[in-house]
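There are 2 protein chains.
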Amino acid sequence: MPTIEVCFSPNLLSLHNLNDKIVVVVDILRATSCMVTALACGVESILPLQDVETCKSMQLQGYLVAAERDGKKVEGFDLGNSPFSYMDSHLQGKKIAFTTTNGTQVIKLSESAKQIVVGAFLNLSAIANYLKKQQGDVLIACAGWKGQVNVEDTLFAGALVQELSQEFSTANDSALLAQSLYLTHQGNLLAFVSLCSHVQRLKNLGIQKDIEFCLQKNVYEIVPILQNGSLVKLTSQVAI
Amino acid sequence: MPTIEVCFSPNLLSLHNLNDKIVVVVDILRATSCMVTALACGVESILPLQDVETCKSMQLQGYLVAAERDGKKVEGFDLGNSPFSYMDSHLQGKKIAFTTTNGTQVIKLSESAKQIVVGAFLNLSAIANYLKKQQGDVLIACAGWKGQVNVEDTLFAGALVQELSQEFSTANDSALLAQSLYLTHQGNLLAFVSLCSHVQRLKNLGIQKDIEFCLQKNVYEIVPILQNGSLVKLTSQVAI
Numbered sequence: 177m178p179t180i181e182v183c184f185s186p187n188l189l190s191l192h193n194l195n196d197k198i199v200v201v202v203d204i205l206r207a208t209s210c211m212v213t214a215l216a217c218g219v220e221s222i223l224p225l226q227d228v229e230t231c232k233s234m235q236l237q238g239y240l241v242a243a244e245r246d247g248k249k250v251e252g253f254d255l256g257n258s259p260f261s262y263m264d265s266h267l268q269g270k271k272i273a274f275t276t277t278n279g280t281q282v283i284k285l286s287e288s289a290k291q292i293v294v295g296a297f298l299n300l301s302a303i304a305n306y307l308k309k310q311q312g313d314v315l316i317a318c319a320g321w322k323g324q325v326n327v328e329d330t331l332f333a334g335a336l337v338q339e340l341s342q343e344f345s346t347a348n349d350s351a352l353l354a355q356s357l358y359l360t361h362q363g364n365l366l367a368f369v370s371l372c373s374h375v376q377r378l379k380n381l382g383i384q385k386d387i388e389f390c391l392q393k394n395v396y397e398i399v400p401i402l403q404n405g406s407l408v409k410l411t412s413q414v415a416i
Numbered sequence: 177m178p179t180i181e182v183c184f185s186p187n188l189l190s191l192h193n194l195n196d197k198i199v200v201v202v203d204i205l206r207a208t209s210c211m212v213t214a215l216a217c218g219v220e221s222i223l224p225l226q227d228v229e230t231c232k233s234m235q236l237q238g239y240l241v242a243a244e245r246d247g248k249k250v251e252g253f254d255l256g257n258s259p260f261s262y263m264d265s266h267l268q269g270k271k272i273a274f275t276t277t278n279g280t281q282v283i284k285l286s287e288s289a290k291q292i293v294v295g296a297f298l299n300l301s302a303i304a305n306y307l308k309k310q311q312g313d314v315l316i317a318c319a320g321w322k323g324q325v326n327v328e329d330t331l332f333a334g335a336l337v338q339e340l341s342q343e344f345s346t347a348n349d350s351a352l353l354a355q356s357l358y359l360t361h362q363g364n365l366l367a368f369v370s371l372c373s374h375v376q377r378l379k380n381l382g383i384q385k386d387i388e389f390c391l392q393k394n395v396y397e398i399v400p401i402l403q404n405g406s407l408v409k410l411t412s413q414v415a416i
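Residue numbers (the numbering used here), protein chains in the order written: chain L, 177 to 416; chain X, 177 to 416.
Some clues are possibly wrong.
Calculated cross-link-like contacts (lysine-lysine; reagent style DSBU-like; alpha-carbon spacing at most 35 Å) [claimed, not checked]:
| id | chain 1 | residue 1 | chain 2 | residue 2 |
| --- | --- | --- | --- | --- |
| 1 | L | Lys409 | L | Lys232 |
| 2 | X | Lys322 | L | Lys284 |
| 3 | L | Lys309 | L | Lys379 |
| 4 | X | Lys322 | L | Lys309 |
| 5 | X | Lys379 | X | Lys309 |
| 6 | L | Lys322 | X | Lys290 |
| 7 | X | Lys309 | L | Lys379 |
| 8 | L | Lys308 | X | Lys322 |
| 9 | X | Lys309 | X | Lys284 |
| 10 | X | Lys271 | X | Lys248 |
| 11 | X | Lys385 | X | Lys271 |
| 12 | L | Lys249 | L | Lys290 |
| 13 | L | Lys290 | X | Lys322 |
| 14 | L | Lys379 | X | Lys379 |
| 15 | L | Lys322 | X | Lys322 |
| 16 | X | Lys385 | L | Lys322 |
| 17 | L | Lys322 | X | Lys308 |
| 18 | L | Lys309 | X | Lys379 |
| 19 | X | Lys290 | X | Lys270 |
| 20 | L | Lys379 | X | Lys393 |
| 21 | L | Lys379 | L | Lys249 |
| 22 | L | Lys322 | X | Lys271 |
| 23 | X | Lys385 | L | Lys308 |
| 24 | X | Lys385 | X | Lys309 |
| 25 | L | Lys409 | L | Lys308 |
| 26 | L | Lys290 | X | Lys379 |
| 27 | L | Lys284 | X | Lys284 |
| 28 | L | Lys271 | L | Lys393 |
| 29 | X | Lys290 | X | Lys309 |
| 30 | X | Lys270 | X | Lys322 |
Sample of chain L residues with no beta-carbon within 10 Å of chain X, all distances over it, derived [as the list claims (entries may be wrong)]:
| id | residue |
| --- | --- |
| 31 | Glu220 |
| 32 | Glu229 |
| 33 | Asp254 |
| 34 | Asn326 |
| 35 | Asn404 |
Simulated from the structure, these hints should not be mistaken for laboratory data. Quick reminder that beta carbons are idealized off the backbone N, C-alpha and C, glycines included.
Bound conformation, chain L alone (with noise of 0.2 Å):
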């Protein structure tokens, strides 16, 4: 039976071994919610990169860009870390390079796997499914935020290990301390959101809208994997 673990922040994943792992990403509010909507949307891929200013420098070859530091799109960039904002249909087919706190910066941690999806809520069944069928160990990496452990990845992770519970063994503690806390949240995943401290940072800055969507399940059939350093959608073309 293959097993599943979960890291709760980017501080602990050299604790894993991930040469032999399929790593999930997660961050849900907003990194991974975005990448998931835009390939949803039509958008051909997205290179995750680590620094505002390599991303910016992306525009030169043909990118359009994206960064968000501290919740807020960066000046100067063509789109920011709203999901709302990668539904345009101006989109399709184009390419984006993309920086943000928390979520890019896990892909290229996790850069050793021997591969990397990107899951949300928004994909979740897509993902799980995906997982199913590929047999192997998975890790799941919450991206948290500046290396604090944060409910909403945590969220996830649970909801995840919960739909592979009947294919999978859990690996680690944090595998069952987040599908407990997922099962005794999931029937009202915002109530409990909105308690943590980045969902208070957010509220500030009024993407109040774009919480709730990030919380929405089974919003998008599809699966983002890492190929040749950016995320494409998978379809049965892609060589896994």
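Got chain L; can you put chain X on it based on the hints?
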């Protein structure tokens, strides 16, 4: 209103500013449960040390020496890491030098704190009452297992957050998560803890009665506090 934070792993401790905090160190299975038991049963002081060799050398200075690595007593030491071994009346008035895989390491990592106390289910109410009187900001530092988050320390952190919830405000998401987990499992801590990885490890060592003992609440009415590098029982004579 003072604040309460939880840190799930020693590997995340550097994200917290300890200078102005009272740090509650917790390693339920079994370092801090042993420390509470020992001081409650008459041991004069406990010197927490990081490495086995330094600890052993304290024998020459009249200390009893205690060491645990990977759940087992280290050969050649007077004591290991079972709370029952600290109930011996021969230990009254003795000084013990103590090193463990996780718990004593966290005490060392917390040295910049305003104050360090030691918590366990065994002295939950005593710790909570002490903290309420201090009215200072609190950080609960979970020892975990070799950097990994664990179930039993997280549940204790949640129990303490819950005890303090009227007088303190929760200052990070980990505190909210721990509190929620405790509220879900408070009716049967043993059932949930029995699922966790460390207990699976300890089961192989045949110490089920240690686990059951360490999950009992409010057996002892004492607060172990670090004074001049050693843990002593807080009394009205100990200057804070």
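Against the structure, the hints:
no.: 1; hint: Lys409/L to Lys232/L; verdict: holds, 23 Å
no.: 2; hint: Lys322/X to Lys284/L; verdict: holds, 24 Å
no.: 3; hint: Lys309/L to Lys379/L; verdict: violated, 39 Å
no.: 4; hint: Lys322/X to Lys309/L; verdict: holds, 32 Å
no.: 5; hint: Lys379/X to Lys309/X; verdict: violated, 39 Å
no.: 6; hint: Lys322/L to Lys290/X; verdict: holds, 24 Å
no.: 7; hint: Lys309/X to Lys379/L; verdict: holds, 34 Å
no.: 8; hint: Lys308/L to Lys322/X; verdict: holds, 30 Å
no.: 9; hint: Lys309/X to Lys284/X; verdict: holds, 25 Å
no.: 10; hint: Lys271/X to Lys248/X; verdict: holds, 21 Å
no.: 11; hint: Lys385/X to Lys271/X; verdict: holds, 26 Å
no.: 12; hint: Lys249/L to Lys290/L; verdict: holds, 32 Å
no.: 13; hint: Lys290/L to Lys322/X; verdict: holds, 24 Å
no.: 14; hint: Lys379/L to Lys379/X; verdict: violated, 46 Å
no.: 15; hint: Lys322/L to Lys322/X; verdict: holds, 22 Å
no.: 16; hint: Lys385/X to Lys322/L; verdict: violated, 40 Å
no.: 17; hint: Lys322/L to Lys308/X; verdict: holds, 30 Å
no.: 18; hint: Lys309/L to Lys379/X; verdict: holds, 34 Å
no.: 19; hint: Lys290/X to Lys270/X; verdict: holds, 27 Å
no.: 20; hint: Lys379/L to Lys393/X; verdict: violated, 39 Å
no.: 21; hint: Lys379/L to Lys249/L; verdict: holds, 15 Å
no.: 22; hint: Lys322/L to Lys271/X; verdict: violated, 42 Å
no.: 23; hint: Lys385/X to Lys308/L; verdict: violated, 39 Å
no.: 24; hint: Lys385/X to Lys309/X; verdict: holds, 34 Å
no.: 25; hint: Lys409/L to Lys308/L; verdict: holds, 18 Å
no.: 26; hint: Lys290/L to Lys379/X; verdict: holds, 33 Å
no.: 27; hint: Lys284/L to Lys284/X; verdict: holds, 32 Å
no.: 28; hint: Lys271/L to Lys393/L; verdict: holds, 26 Å
no.: 29; hint: Lys290/X to Lys309/X; verdict: holds, 15 Å
no.: 30; hint: Lys270/X to Lys322/X; verdict: holds, 30 Å
no.: 31; hint: Glu220; verdict: holds, 35 Å
no.: 32; hint: Glu229; verdict: holds, 25 Å
no.: 33; hint: Asp254; verdict: holds, 31 Å
no.: 34; hint: Asn326; verdict: violated, 5 Å
no.: 35; hint: Asn404; verdict: holds, 32 Å
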